[in-house]
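Since each chain sits alone in its own frame, please combine them into the complex, following the hints.
Each protein sequence line maps, in turn, to chains B and W. Counting from 1, position 7 in the first sequence corresponds to residue 7 in UniProt numbering; the numbering is continuous, with no gaps. Counting from 1, position 244 in the second sequence corresponds to residue 244 in UniProt numbering; the numbering is continuous, with no gaps.
If you're looking for bench data, these hints aren't it; they were derived computationally from the structure. Hints may contain errors.
DSS-like mimics (lysine-lysine), calculated; alpha carbons at most 27 Å apart, straight line [as the list claims (entries may be wrong)]:
(1) B/K141 <-> W/K78
(2) B/K127 <-> W/K471
(3) B/K141 <-> W/K67
(4) W/K78 <-> B/K67
(5) B/K359 <-> W/K67
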Amino acid sequence: MQHIAIIGNGIAGVTAARHIRKNSDDKITIISAETKHFFSRTALMYVYMGHMKWSHIKPYEDWFWDKNRINLKQGYVKTVDTDNKQLLFADKSTLDYDKLVIACGSKPNKFGWPGQDLDGVSGMYSKQDLETIEYYAPNPKQCKRGVIVGGGLIGIELAEMLRSRDIPVTMLVREKSFWNGVLPDAESQMINEHILEHHIDLRLGVNLKCINADENGKAKSVTVKETGEDIECDYVGLTAGVSPNIDFLKGSNIETGKGVKVNKYLETNIENVYAIGDCAEQQEPVGNRPPVEAVWYTGRMMGEVVAQTLCGRKTAYNPSHWFNSAKFLDIEYQTYGWVFPKRHCEAYEKHFHWRHPEKKICVTLSYHKDSRKFLGINTFGIRMRHEVFDKWLSEERDIDYVVTHLKQANFDPEFFKRYEKDVYHAYQKQFVEV
Amino acid sequence: MSLDQNMSVTGRSAESLNGGQKTAAVVGMAGLLILAISIFNVQLQPQVMWLTGSLILIAGGIIWYAKASYSGETAGIKNDGVFFKSISSRGLWAYLTGIGLTGFYILLYFYPEFLGLVKNGDNTGIIALFDPLSKALSGNPASQWFVYGTLYTLVILAFGIKFIWKYRHSRYQQIRTISVMFFQTSFAFLIPEFMARLNGDKLNLPYYDLKNIWPLNYYNFEQYRVDAMISSGDIGLAFLIFGVASIFIITPILTYFYGKRWYCSWVCGCGGLAETSGDCFRQLSDKSLFAWRVERWAIHSVLVFVVVMTTSVVYSYLKTDLYWLQGDTFLWSVAILLTLIFGWVMIFKRHQFKKDVKIGAIGYILLIFVVLGLHAYPNMGLFLLDTEDLRSTYGFLIGSIFSGVIGTGFYPIFGNRVWCRFGCPMAAILGFQQRLFSKFRITTNGGQCISCGNCSTYCEMGIDVRAYAQKGENIVRSSCVGCGICSAVCPRGVLNLENDSLKDRINPKDVLLGNDVDLMAYVNAKK
Numbered sequence: 001m002q003h004i005a006i007i008g009n010g011i012a013g014v015t016a017a018r019h020i021r022k023n024s025d026d027k028i029t030i031i032s033a034e035t036k037h038f039f040s041r042t043a044l045m046y047v048y049m050g051h052m053k054w055s056h057i058k059p060y061e062d063w064f065w066d067k068n069r070i071n072l073k074q075g076y077v078k079t080v081d082t083d084n085k086q087l088l089f090a091d092k093s094t095l096d097y098d099k100l101v102i103a104c105g106s107k108p109n110k111f112g113w114p115g116q117d118l119d120g121v122s123g124m125y126s127k128q129d130l131e132t133i134e135y136y137a138p139n140p141k142q143c144k145r146g147v148i149v150g151g152g153l154i155g156i157e158l159a160e161m162l163r164s165r166d167i168p169v170t171m172l173v174r175e176k177s178f179w180n181g182v183l184p185d186a187e188s189q190m191i192n193e194h195i196l197e198h199h200i201d202l203r204l205g206v207n208l209k210c211i212n213a214d215e216n217g218k219a220k221s222v223t224v225k226e227t228g229e230d231i232e233c234d235y236v237g238l239t240a241g242v243s244p245n246i247d248f249l250k251g252s253n254i255e256t257g258k259g260v261k262v263n264k265y266l267e268t269n270i271e272n273v274y275a276i277g278d279c280a281e282q283q284e285p286v287g288n289r290p291p292v293e294a295v296w297y298t299g300r301m302m303g304e305v306v307a308q309t310l311c312g313r314k315t316a317y318n319p320s321h322w323f324n325s326a327k328f329l330d331i332e333y334q335t336y337g338w339v340f341p342k343r344h345c346e347a348y349e350k351h352f353h354w355r356h357p358e359k360k361i362c363v364t365l366s367y368h369k370d371s372r373k374f375l376g377i378n379t380f381g382i383r384m385r386h387e388v389f390d391k392w393l394s395e396e397r398d399i400d401y402v403v404t405h406l407k408q409a410n411f412d413p414e415f416f417k418r419y420e421k422d423v424y425h426a427y428q429k430q431f432v433e434v
Numbered sequence: 001m002s003l004d005q006n007m008s009v010t011g012r013s014a015e016s017l018n019g020g021q022k023t024a025a026v027v028g029m030a031g032l033l034i035l036a037i038s039i040f041n042v043q044l045q046p047q048v049m050w051l052t053g054s055l056i057l058i059a060g061g062i063i064w065y066a067k068a069s070y071s072g073e074t075a076g077i078k079n080d081g082v083f084f085k086s087i088s089s090r091g092l093w094a095y096l097t098g099i100g101l102t103g104f105y106i107l108l109y110f111y112p113e114f115l116g117l118v119k120n121g122d123n124t125g126i127i128a129l130f131d132p133l134s135k136a137l138s139g140n141p142a143s144q145w146f147v148y149g150t151l152y153t154l155v156i157l158a159f160g161i162k163f164i165w166k167y168r169h170s171r172y173q174q175i176r177t178i179s180v181m182f183f184q185t186s187f188a189f190l191i192p193e194f195m196a197r198l199n200g201d202k203l204n205l206p207y208y209d210l211k212n213i214w215p216l217n218y219y220n221f222e223q224y225r226v227d228a229m230i231s232s233g234d235i236g237l238a239f240l241i242f243g244v245a246s247i248f249i250i251t252p253i254l255t256y257f258y259g260k261r262w263y264c265s266w267v268c269g270c271g272g273l274a275e276t277s278g279d280c281f282r283q284l285s286d287k288s289l290f291a292w293r294v295e296r297w298a299i300h301s302v303l304v305f306v307v308v309m310t311t312s313v314v315y316s317y318l319k320t321d322l323y324w325l326q327g328d329t330f331l332w333s334v335a336i337l338l339t340l341i342f343g344w345v346m347i348f349k350r351h352q353f354k355k356d357v358k359i360g361a362i363g364y365i366l367l368i369f370v371v372l373g374l375h376a377y378p379n380m381g382l383f384l385l386d387t388e389d390l391r392s393t394y395g396f397l398i399g400s401i402f403s404g405v406i407g408t409g410f411y412p413i414f415g416n417r418v419w420c421r422f423g424c425p426m427a428a429i430l431g432f433q434q435r436l437f438s439k440f441r442i443t444t445n446g447g448q449c450i451s452c453g454n455c456s457t458y459c460e461m462g463i464d465v466r467a468y469a470q471k472g473e474n475i476v477r478s479s480c481v482g483c484g485i486c487s488a489v490c491p492r493g494v495l496n497l498e499n500d501s502l503k504d505r506i507n508p509k510d511v512l513l514g515n516d517v518d519l520m521a522y523v524n525a526k527k
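Okay, chain W solo, but in the shape it has when bound (with noise of 0.2 Å):
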């Protein structure tokens, strides 16, 4: 082992690797070798043996390689090296494995035919290699989406092992995890498959995972889909019934109970992958206050752009009057809508927003009721934004560059929550009525934080915990996805996620506990 004594006060090389580390290694890494190898259209005979086989290596690599690290220790946090290991500190595996995946994110997205994929004939490549399976699930050969999917799942629940193995001393960590192993397996995969089973003459429905709820699946609403739910009958209209249900009134219920951890750390499929897969490149989140001012309006840019397209692309059918819903009240209802979450927002919660805040919103209001006055007068000659052009800007620019791409492809780069962070329109929602209407918090305890800066390192989000800790302030923010790993690694018992009262939910103080009262008194009494 070499050693960088000049370098720094962290200038150790590299974690070495044990044994069973090593052999785990080889093991997944011979498994993904059989998918290599099957993109290049090699015959892999038969089939089912090659691709189980691909499979459970992978899986079994992982676990083993979990095994290696946590079994022989005690329990507790295992962070020791994070910061000396090449795929963990931005080294070269770090971009190595960006690029990978990357790669294949632009593959899956944009060239589907170098996996294998064939219209209108029999499969090749690695996507005939997953037939079989998509045939046992859903009676038909697979897709690209159906390759991706099934391994999105093999990796959520192998990771997920490894998680509920490194974080055993921890229940609210291990009962998270197994929520969306089993949100991953059962609602986005199975459940979608049997569904495409039951599809014949009466039923019609489109591939519908259920826990994905709009603006996340942004094409929920488009005419396709609306049109197959309602052919389908009463289970069709009850699916778009729940779609709708569940962006108004299933989330902001959720939401207020629970904060919006019960969909972005329990549930949801991005946040799945991230809290497993991506759980090793947690702490290489930006924690500036930069980032903080490019992420609010990022985030909340997409958002606006999310809103202007689904309405656009929904009033682009509505207004035919072939549907019991007509285009003109479509537009009023969601001015009206807007508008009376604008103003209570503006009259009840004006005291808590800052000026820039109040300005971009009302920026924001602003531009989006001109787009909608445009769609309402499309005569007027200022037809700048064809829906067709929306639809497709949006679901190439934020649904397969963003989300896809940069969000997981530079996992290893950015940290394992760059969309949720920077771009999920969803996450905006939820963190907006996380932030105004939530019983929801992180509770500071007393005057116990030695300002170490473990939460703020290991916070997926990017959020500077520590500053709110060290001044003993509860952390209200919207874009906390309550993962609680801020709580896990604190080594003084500061920081514990809590669903309380929305009295005193925020409460700065200048002096911590433990000083004289009289002091806090009057220092807080100033304000």
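This is chain B alone, in the form it adopts within the complex (with noise of 0.2 Å):
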């Protein structure tokens, strides 16, 4: 029986001892300095917003560990001695392990802001920043503004927060638009509107310049770098982004670059030792997909594929086509396949493009220009079927195939109102041929 030791209890790491546990009778530890047990790191916003306890987001009650046999460590890494197969502890206590699975998550990026490390100011990724915001941000009164730096999921997220507790925020985002490296213009205006209508004050095409310190050494303003302009705030959040949070691997034998390096099957350059999730770095990325793959749908299928490899059945990580959702304030966002931004397009990529007239509900459609096969849609307001989806992109289809089949991929609750007509008719009259 040999020991399976995962630093880290996010959805990487669960899953995979989860699967372990149903594959084989190993010895499984997780190891997490954040919290005991696992949590739905995805709806720590919503214990803030009080749409639920923290007991509502651990996705398994207490006693199941227990009755999986699955040891729940609490400590912090400081080193891993991959020749004596050996973790160090930060407490100085140790862990002897036969196979190792790292998959310790992100961390929130910071690009060496002046003022970055006050009080006052967190990213919103673990529970401890969960801690800090409500520190510093429990309502209006001590918290005349919150300020966020970067307008991606998490930004957004953050804004969310914020303002059910009615406390006014600024949004600084260096792109022209809002998530404008990810989704194309007209997507991304749309939720700019969206935006403005929930009373958050969006900033575009600016920058942090530096983050300013009263004479406790708290965040009391930020200096926007394009205008020179003071903005008075209590608390400033940084999500400009995630990074692999790797640092204690540093001075280990393992391999690391942006991430974790890992081959297809999810193993480090050492024998024994794979890295999962978030902080793992592919050699060789599949098809479109990044490297460092930072969602929690890679996570869980990565858990599930080493778990494969651990029980004796060497398996690749290969993931089938991209998908991924979100919720903008009160804008749903679903994708499948691949919809790149102009500036990411290549040359074939020819979108086509609805949006309701009135309502805040839009559909893009990305399709190569010579072949017109299918290659991606997203789609905002509407919720789509993800088995169908999967199904046309391994089938090839067309773009005039699904536009006209749109209503078989519709997830959208009964009775709901459908606009799998409104998107066909503008379809025909952009193209005559269908």
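Below is the structure:
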């Protein structure tokens, strides 16, 4: 019976542990410094907003771990000694392993801004970050304004959080339009409008120069680089993306780059050491996927795969078609396949875009301009079936097929107004040949 | 505003109210105050004006509060601060409300004279206040049940409007709510009152809310009601046949096509109250595995109880041989029907049952047969269960205490569906059909679940929806009332209520969509 140690109790590490347990009797230890029990990181925001309590965001009841013989160790791994197959913790304790899975996740990016480590400044990633936000931004009296640096998925979540307590929010976004590095212009523009509807002071095309401290070393304002303007605030959220949380591996034999370097079997350069989830850097990324994928689903999928390998069935990480989802304030977003914004588009990628004349609902389909092969779809305010798009992408359907059969993919609740006909007519107008 | 920074991550003080909400609260409370004063037998004259004023103030307060809460907001999920507010997170307000409601139910069920009910004389107190309305509708003076029915309907209508406002982005929620508002107002409130007005020499209809089906309406086939219906000619007979057909024909067909939601969250009065005025308590239901174990035993025990009790009651008057149906024939019919259902389920559906379910089912069917036997052969000297005792015990324990006092009085503590989840025998029958023989399920959308827990938290029936969603498994549960809130609160579009083919209705997947197909095929084939 081998001992498998897993560093990190996020979705990647926990999925790996669950699948190892399903397929073997190995001894399993999950290590985390953040919390004893697994929680849904994507749900942290709802605890601050009062939608849920902490206990609600734990997907398994606390007895689950004992029952499934998964040991939980709370501690911070300081050193990984791969020669002796031993972990050394910050409290000087040690743990021997036979196989090691590194699933330590990400940390918020900080780009060396002056004042980035002041009191009242945090990312929005960990439970500890959430406690910091609760402390510095409990209500609009204690926190006259929150400034958020970075316009991505976490930035808009943080803005929604603060607005739920009526705290005025300013968002500093480097791009000319919200999340424009990922979303095509028209969609990004629609989200800009929606952000303003929520009374968020959205500043586009600006950068943070520095965060200024008061006499107690707490953030009191930020300075905008482009305008030199000082914005007074009591809390600053740094949400300019995340990167692998691998500082503790420096000095170990494990090869790292941006993340922990792994081959397609999720193996590192050291035998019996694997890396999965946000912290893994694929040396041979699959398709259009980036080497580091910091997404809930990819973490889960890597956990499923590494468990197979650890249980004696060597399996490559070979994810199927890309998919993702998010919610921007009130607008749900789903994506299947690839839809790139202009700046990342290959020459062959063309888009068909439809937006509802009044409501904040839109659809963008991308396709190959010559073969008309369907490449991907972004939907806002309409739910779509994962299974159907996965199938269409595998079958390499063309865009005409997808537009005419869009109804099959609809996943909106019963009685919701359907827009397939509107999309179809708009498409027909644009492409007479259909 | 004080700050409790050391309490927990959620250490925010109570949400502050805006001006509109405060004014609305005062308006609504003023209406309640008039009712409270009337209980103390203060002469409020003219009654019509005070009653109208009171009802308008209550409804107006609720609707105004909804407007103040939601009209300035964008359409979308409105759960901000739910767990910071005293009323919706078992705080002081929740306990005070719970105690107040419980007290009201105790008066209503057991001490109506304190509310002003006077037998053989003019009512006093709050019941007298409602006399003019009752006389206008049915021609009779009010009873405590008329007062209750009026307030019940008023609350469903006013909180229904609040609910529609809150979920104005969801047509499913809006249409469903209009449905419960309609059925409460017409079927439960107005039609029975008009029926009472029609009664006379030839017509002697009992009070009959036609959508209130046995066994929820456990007294429907008691002798006095059956006699009344039979003596009312064709209409009465039609009602009697409808009552029997409701449970044996209409219910299975509708549940087959739509799941039990057609009743529980679209038609039922208990469901209507839970979905409207109880909406702000839905997150309080217990989602633990332990609660689920209690639930299965509790609700099915009530079902067994009501079957035994009703059979016994009906047999007790049929055995007099004064009716078309003979007592022994009736007992045999019940036994045969139960045997057929039991046999059919055990033969065709047993692979869906775990061991404890089979043991429970066999135990209960044996228990029922023993009791039926005791009734058929009372001379055996084992006459443990007197029919009248059974009837009154059921009426007291289940009909009054469980469904009324606990079911509604404890909304702010245990959530809004305690009765529906742990006690309602109708829900048990519909759930049985839904679990084994229905096209309804909640579909999970591939691999999109992020395990956030909104669905489980806001499930009023205490189903751990997330446990299914994160496995990519459809939710096919007997307790699901199909309210659709899990689907509404899901931030990633994972859940959808659907009626579809029986094939692949339950589809556990070890590896979710998104990973490579070989791995999925391997893991799923291995099972």
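Results of checking the hints against the structure:
no. : hint              : verdict
1   : B/K141 <-> W/K78  : holds (22 Å)
2   : B/K127 <-> W/K471 : holds (25 Å)
3   : B/K141 <-> W/K67  : holds (25 Å)
4   : W/K78 <-> B/K67   : violated (37 Å)
5   : B/K359 <-> W/K67  : holds (21 Å)
Taken one by one, the earlier hints fail for this structure only at number 4.
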